Structures are given as C-alpha cells and as structure tokens.
Amino acid sequence: MNLRSLLLFMVYVFCASVPVIATAGVAVIVHPDTNIQEADADSIKRLYLGKTSKVLGIKLNPVDQAEGNAIRDEFYEKVVEKDASQLKAYWAQLIFTGGGSPPSSVNNDNAVKQLVSSKTNAIGYIDSSLVDSSIKVVFIAN
Amino acid sequence: MMKQSAFLSKPDTITALLGGILFLILSPQLAQAERALRTNGFITATFSQVDSEVPFMGGLNDEINFSQGSLIGLQTTFQPSEDPIEFVVQLLALGKEQWEVDAEWAYVAYRPTDAWELKLGRYRIPFFHVSEFLHVGIAYPWVRPPEEIHFVPFTALNGASVKRSGHFGDLEMAVQMYSGELKDLNTQIAGLTLTTDRFESHGIVLSAETDSTNVRASFHKIQKIGITINSLAAANPNLDFASLLAFAGSQGLNPGDFEDVDAITFSVLHRRDNFEFRGEWAEEDFNENAPLPDAYAYYVMLGYYMGNFMPHLTYSAYDTKEKGLANLGQESIIAGLRVNVNPAVAVKVEVGQMRLDDAVGTVGFYDTLPSSITGTAILDEEVNIFNASINMVF
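Just so you know, the sequences run in chain order A and B.
Going by the working numbering, the letters in the first sequence line up with residues 1 to 142, in that order.
Going by the working numbering, the letters in the second sequence line up with residues 1001 to 1394, in that order.
One chain only, chain B, in its complex shape (with noise of 0.2 Å):
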C-alpha cells in the first residue's frame, strides 16, 4: 500500500469531488457542449471480509470493510479544439488512504498522428494488463482483481511514454516505451513499513488486439535505491528490529538498502462466443541483497456472458523462487457474479478462498511477517474472502 503526498487537505478533497460531481448533475447539457472540455469520473463502493482475525492484505479482517476498496475518481481533460495536445488531470481519492486526494494521472500528451502519442506528466504504470484502469471497476469483472498479481504498492510515476501504435486489417498493434520516477514513498509489506527514497522505473509494453482478442507482453526494469524500515506495524506487536535483523541472518540475508527488479508479464484474454478468457503471467527477479525474493505470479479467469449477467471462475498463485525475510507465497479461488444494472452500473458479488503455501514461515499477504519471529499465534492456512462492490462511471 502507498501513501503518496497529498497536495490536498480532507476538505478540500470533499469540497472539489462534491462539487464536481455537483456541477455535472446540474449541468446535463454538458456531455454535448463544446468538446474542448470534458469531466468524466468514477465510483466504486466496495464491502470486503474475510474470517481471519489477523490483517490480510493490507487491512481486511473479520469485520466488514467499506474503506479498503472504495475509491471516487475524477478526471478533467482539456483539448483546444483540432489540437493535437491534451491536457489531463485525473484526482483520486482512496477509502484506504482517508480520502486524501492524488494525482493519479496529470500529464500533457501530443498526438501528431493517430500513430504516435507523446505523454509527459505523472501516468500509472503499466506493468499488468489493468494497471492503468485497476481503480475504473466496470471495465474488467471482478471486485479485486487478482491481489497475487496487483498487489504492487507503486501504482504512478512522473516521467515520460512514448507510443507507436498500428493496424494490418483487423489487427492492431502498439509499442509503448516509458521512464519516470517518484521519491519519498511508504510502503508496507508483510506488516512492515518501508520507507524508499527513490523509485524509478523503466519499461516497454507490446500489445496485439483483434476484435476477440488481446495479447499483450511487457518488461520493466525497476530500482529502489534508499530503502529503510521504517515502523513495524500494529500485526507485529511483539517483533523489535533485533529480532528482525536475527530472522533474516538466519535465512542467509542480509538486506541492503538497494533494490534492482526486473519484471516481465504476459497476459492474454480472449472472448468466443458468450465465453470470457483472461490470463496473466508476471515474474520478478531481485538484486541478491534484496528483502523480497524472486517470484513469479500468474492467474487465470474463465467468465460467461448471459446477457446481462456474467459468472466467473478465477484460480491465481504467487510463489517465490528462494528464501526471503518473507515468504508472501500463497494460492486462491474466487467465484464471482457481475450484474450490469445499465451501461453505466454494475455490480459484483464474489467469494473465495485462499490458501498459504506449506513451507514453513509462509505468511501468504498477511499483515504481518512469521510467527516463528514475531512469537504471536500461528497463521490460519486458509482464509475465506467476500467481496461485494458497486461500481459506476459518468
């Protein structure tokens, strides 16, 4: 989970969504006014549970949870008319973090041609196949999309992308390169909270997409440089950095400051007929000192369309090559139920278990690190998953 700086108060973010969803309730006329500028936004409401009583995947626990998943976006973009630049602010604000308000996206981009696009700006990353909408929930089915894959705590970057885009017939295609950075981030992974001076990352994404399917493959080289713990967070009661820096002795580390990552996915989904396919692939490897291991992430989904209704099947992993302060590793099923209320509402049900590897001091996306360190009781190996959400877009 990152917590970015906010460049707006809790009021303010109130003040500046209410009103601008006030103003385009009020103002219907709006979406066949001048085209120059245009306000769009997004709502999701999401209740999460699982039956654990330890912290799960950054917060959830056996009590119904509103904040976690829920989330208000609102996006601004001004073209002068027949210009090929645009300008894009994208304000969004996280149940999880508040509703303090960040630029998700604010950026300039400049489009010559339909072929080439230029963007300089703050832009989401795009490592996996819905990175760069996770938080637009009615384009893709689930609630949450697979936590093993997009449990990534860095979400956007200020930097610049290029891309080249195409079409042989019915096929079109895009390469899309992109650099940028962000400092003084937080973040927190098994029950810890690291501070990162420096973030940087750097990648190409290749795409092929008829009108059934999508192929896309990407690579990305990312750094952190200046990581430090920062805090133990409130799952590690009993834990002091002593005891930490003993465990990871144990295991044959010694975590430095410095984090080198190269990352590559590959995913593909494909519609026929009423059905849906979806699968993803992502593999990190690590710089040796590095405290997270090598690891490798994948999911597959198979979906139903029956007019307005849409069940699915989703089966996803995260395993780890070798030993690390913290084994994450940890396997799941969900089943899910989209409902499409109107083109612009839908709505989705799903339930899940997820299931720990074997390995001894596994803690899966537990809140916390081992109990073999930090002494508290023994983790469940299975934790059950209830995910209901409404999601909307205007």
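Just chain A, with the same shape it has in the complex (with noise of 0.2 Å):
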C-alpha cells in the first residue's frame, strides 16, 4: 500500500466513525390546547435546568428524553448549550445540594408526542421531522 492509498483509506476509516445525526431539526412542543404559541430559547433553557417552572407565566412540566438518545444530544447542546457530562455535573451539584431535580424522561420521540398530547401540562421535545396535529411547536432550534 503506498503512501496515498493509506491517506484515502485513513480518510475513509475516519468518515465512517463519525456518527451521522438524521434530525431535521428539534421541535419543542405542547399540548395544542396549552396558551402557549411561540416560546423563546432561553425560557426553554431556564426550565430545562430546573431555574423556573414557568414559560410565559404558564406553568409546565419538561419532559426529557433517555440518556444516550441522540435528539436529547442534540437539544441540549443547541437549546440548553451543554454537552451531556456538563448536564451531569450540573445535576449532580443540584441533587445533592437539594436546588433541583432534573426533569423525568422517557424512552423516545413517540414517547414524549404521546405524553405531551395527553397533558396541557406538559412540554417536551421531538424530531421535527415527527410533528403531527396531536401536538404544537412553540420553538423550533436548527
């Protein structure tokens, strides 16, 4: 194998170990009866990290999705802008010092559309590319 041939076969082994993320996108979402039409970022941030229990003065329960999900990856880096060791450092420092429990979770996307559908309390986050009429988007992150 000459010197070439390695680089195209290094450049090929490294492509193939990057993981490919399929979302088109996160969709934060609520009942479609909740008085919530648009949220902003920050809002969504600040109840996801356990600070408020509130968006737009309207009280919510954030769900989460299970560890290792690559769309909780996702929203937490684009929305909350932490990476999943940060997340855990930061919970672990709230738990134990009793300023907050992180948000329950659920194993998937269906899983959090067919809670979010059932209760006008609740808001989650989804694929976007899964958004149907159950539901409605009050954010959308890219």
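Rather than coming from a laboratory, the hints here were simulated on the basis of the structure.
The structure displayed is predicted, hence computed values, not measured ones.
In this text, a Cβ means the ideal position worked out from N, Cα and C, and glycines have one as well.
Treat the hints loosely; a few may be bogus.
[Said to hold, decoys possible] A short list of chain B residues far from chain A (calculated; beta carbon distances all over 12 Å): (1) PHE1047; (2) TRP1099; (3) GLU1100; (4) ASP1114; (5) ALA1115; (6) VAL1130; (7) GLU1132; (8) ASN1158; (9) PHE1277; (10) VAL1300; (11) LEU1313; (12) ALA1317; (13) THR1320; (14) MET1392.
[Said to hold, decoys possible] Chain B stretches covered by chain A per the calculated footprint, using a threshold of three residues with CB under 8 Å from any CB of chain A: (15) 1064 to 1078; (16) 1102 to 1113; (17) 1116 to 1127; (18) 1167 to 1179; (19) 1340 to 1347.
Join these two chains into a complex; the hints should help.
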C-alpha cells in the first residue's frame, strides 16, 4: 500500500467513524390547547435547567428523553448549550445540595409525543420531522 | 477532621448502602417512574500518597492511602406530587471515619414559589463555592479541592436556611441566609484532638451567575463554645500538656475555651471558549485568645477543555497574619487531569508540591505541632503529593 492509498484509507475510516445525525431539527412541543404560541430559547433553557417552572407565566412540566438518544444530545447542545458531561455535573451539583432535580424522562420521540398530546401542562422536544397535529410546536432549533 | 455522632453502626452502614445500590441496579425503571420518591447516589474512590513519613493533611503519609478521600453517599428525596414541600435525606459514609454513616443532609424544604426556598433540618454549611457539594467529586475538576481553603472541619449544621433567587435577563441572582448549631464535636488540628461543646454558625451568601460566570461572596459569624484539648495524637508522642502550655505562653498566647470567628469568602468561576478559571479568597478573623491566629487563604485554577479531557493547574496558599499555637502557613502547586469516561463517571489524577512557610515553628498541614516543642525531627519544608480518583454519580 503506497502513501496515497494509506491516506485515502485513513480518510475513509475517519468518515465512516463519524456519527451522522439524521434529525431535521429539534421541535419543542406542547399540547394544542396549551395557551402558548411561541417560546424563546432562553425560557426553555431555564425550564430544563430547573431554574423556573413556568414559560410565559404558564406552569409546565418538562419531559426529557433517555440518556444516549441523539435527539437529546442535540436538544441540550442547541438549546441548553451543555454537553452530556456538563449536564451530569450540573445536575449532580443541584441534586445533592437540594437545588432541584432533572426533568423526568421517557424513552423516545413517540413517547414524548404521546405524553405531551395527553397533558396540557407538559412540554417536550422531538425530531421536527415527526411533528403532526396532535401537538403544537412552540420553538424549533436547527 | 470532624467526627460527628453516628446513628448507625458499621454493619448497618454496609447493609443500608448496599441495599440502596442493589435496589437501584435491580430497578432500572425507577428513574422513569413516579417522581414522588427519588434515590440518587455518588461514589468516590481516592488514592493519595505523600513523600513524608510524618502524617500530613489528616493522615496521609508515604504509603498509598485509600480510605482518607474515599466515600459513598446515598440520597432519597420525597416530594408529594405538585407539593411545594420536599423531604431529603442524604447518608454519607467516609473512609476516613471507618465508613460510619452520618446524615449529611436531612431537611424539609418548602418552596412556595420559584423564587423562595426555606430549609429546616440538617444541611451543609455554604462556606465556599464547592462546600455544599464537596463530596460530589464529579461536580468539580480536582481530586482534592485545594486543602488550604477547604480544610474547615465543621461541614454540616442543624438549623434553618432561607434563600431568595431571581433573574434579570441572563443574570441569575440569589441571597441565602442561614443559622444553625452543632454540639459535642471532636476535631483534629496540628495533631491535637479538640472537643467543642457547642458550635454555632450564622451567615449570608450572595451569588450572581450567567452562562459563563459565577461570582459568589459570603460572610459567616462562627462561635465555638467550650473548647478543650482532649488528647494528643500519635504524631505528637513527645509532647505533654505542660510543654504545650509553656509554648503557648512563649508565644504570648493564653488560649481560652471560646472562639469567635468572622469569616469572609469571595469566589469567581469563569468559562470562556475552552478555558475554565476558578479563584477563591477566604479570610478568618479570630477573637484575641483563640488558639489559632487570624488567617487568609486563596487559590487560583486554570483549566482547558479538550473534549473529555481537562488538564488544569492550581496554586493555593494559606497564611497567618500573626502568631498562634501553630503556624499552618503553606502553599501548593497542583497539576491535574480530569477525564470524563462517560457523563456519569470521571477519572482524575493530580501531582503537586506543598511548601511550608519560612517562619520558625511553621507546621503547615502536618498533623503535628512544631518540632521546637514536640522534640521530634525537623519537618521537611516540601511535601510532594499524588492523588487519583474515580468519581461516579447514579
């Protein structure tokens, strides 16, 4: 194998090892009857970091997705601006000092959709390609 | 090093902790179940060694020490759905206290709104930036947070705390006031075991935070009532009480049984791009006849994030303003590396050197009094240290 072939092989291995995220964006969703039309990233971020329990004056219970889900990592990176390790350290600090607890989580996008479409006080996030009329989008992070 | 009253025996400790962990492992659905009852925990396994035969920093010497920094904690939180009331118990077992279980936190919290919080019960004293989560190693970069600031022996109180928080745009601000007491405590300092009949602390903590910066200031009024020297530790085998009193007299001291301390702290944490800076200053002013002199301590740390790796460098110092029963002055330089194995597990290593102040009679953080009164060999002015730890939360 000459040097050129070796370099091409290494580029191929590198490209093949990079995870490809297929999501079209993250949609933050609420129940269609919830009296919020649009939310800003900062309000959603404060809600998911446990700094407030309300968005635009309406009390909401944030629904998270299971650790390891690609959409979860994308949501926290784009909206909350923390990676998984930073998030764990953040919540460890709060949990063990009585400062709060992380949102409860469900397994995947469909479970979030099902929960949010059945509760007017729930807010969640899903892959934006899965949005339908059973829920209302209040924010999209691309 | 404080030894508080244990309310469980050692077998109870192991049973309770293992039972809790097994329950979590065997019930993976628990994390997603009803949120009224939650259980979380943390484990730290620490290996430390110094190149000194004379015990240092509460028992380290030239043999690898596993127990001094190792610990396990288990916390259960009960919050009836939608209620503003929360019940929390955090049990902690420290290797350096023979794994006896103590309740580090045990309180009822009342949060009528997002802005107000009242706690009643047992809670950790918010002296320094990491004080309240000092045992949760995954929440900070070091294996051992700079000893020069964090060696305060009293960590928890029984009392009340009220906190008011709010935000102005991106700026989160909070004011916390607390007051509490403890009784019948044993502490060790410079190789002496002291008992304190009653310890009180009252304080106020102010904090302001943005995404990248946290600034914190605090003031504490501390009283120790009924202090007596209970025993001399093994590190001071040649010292008797008469020698100790004679030494105190030669220093112009007449140690009373009462300590009144005003303490002020100020800290900054700033993250920018991949850099993280931490700095903290603390100052203690004692009453005239207190065994320890007025002192100040500080540290500065600079770290750099490289994905899951974070190398960091810390300089810290403790210095006294005047003479006391023991001059604890010393400075340290610690180089460390934190590796995030996964979001819940971090591995850390540190190497560093501690250097005692030049002043005669300085013992730094050795577990002994000055050689001039103990008659033991003169202490090495430089002590090298190695620390490694595995930190986990669940």
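field: Exclusion check [ASP1114(B) not at the chain A interface, CB over 12 Å]
entry: ASP1114(B) not clear of chain A: closest Cβ-Cβ about 5 Å, inside 12 Å.
query: Would THR1320(B) pass as off the interface with chain A, using Cβ distances and a cut of 12 Å?
result: Per Cβ check, THR1320(B) is outside 12 Å of chain A; nearest 31 Å; holds.
- request: Just double-check PHE1277(B) for me: nearest Cβ-Cβ distance to chain A has to come out over 12 Å.
  value: 16 Å, holds
query: Just checking, TRP1099(B) versus chain A, shortest CB gap more than 12 Å?
result: 19 Å, holds
field: Cβ separation check - ALA1115(B) to all of chain A, threshold 12 Å
entry: Not fine: 9 Å to the nearest Cβ puts ALA1115(B) too close to chain A.
message: Confirm or reject: PHE1047(B) is not an interface residue toward chain A, with every Cβ-Cβ distance exceeding 12 Å.
response: Consistent with the label, PHE1047(B) stays out of reach of chain A, its closest Cβ about 22 Å off (over 12 Å).
message: Just want to verify: ASN1158(B) was marked as not at the interface with chain A; is every Cβ pair farther apart than 12 Å?
response: 15 Å, holds
message: If you count the residues of the segment 1340 to 1347 of chain B with a beta-carbon closer than 8 Å to a beta-carbon of chain A, do you get 3 or more?
response: holds (count 5)
- prompt: With a cut-off of 8 Å between beta carbons, are at least three residues of the segment 1116 to 1127 of chain B near chain A?
  reply: holds (count 3)
field: Given as non-interface: MET1392(B), partner chain A, CB spacing beyond 12 Å
entry: At roughly 10 Å from the nearest Cβ of chain A, MET1392(B) sits no farther out than 12 Å, so the non-interface label is violated.
query: When you look at the beta carbon of GLU1132(B), is every beta carbon of chain A farther off than 12 Å?
result: Contrary to the label, GLU1132(B) does not stay out of reach of chain A, its closest Cβ about 4 Å off (not over 12 Å).
field: Whether GLU1100(B) stays farther than 12 Å from all C-beta atoms of chain A, as the label says
entry: 19 Å, holds
Checked against the numbered hints given earlier, the structure breaks hints 4, 5, 6, 7, 14 and satisfies all the rest.
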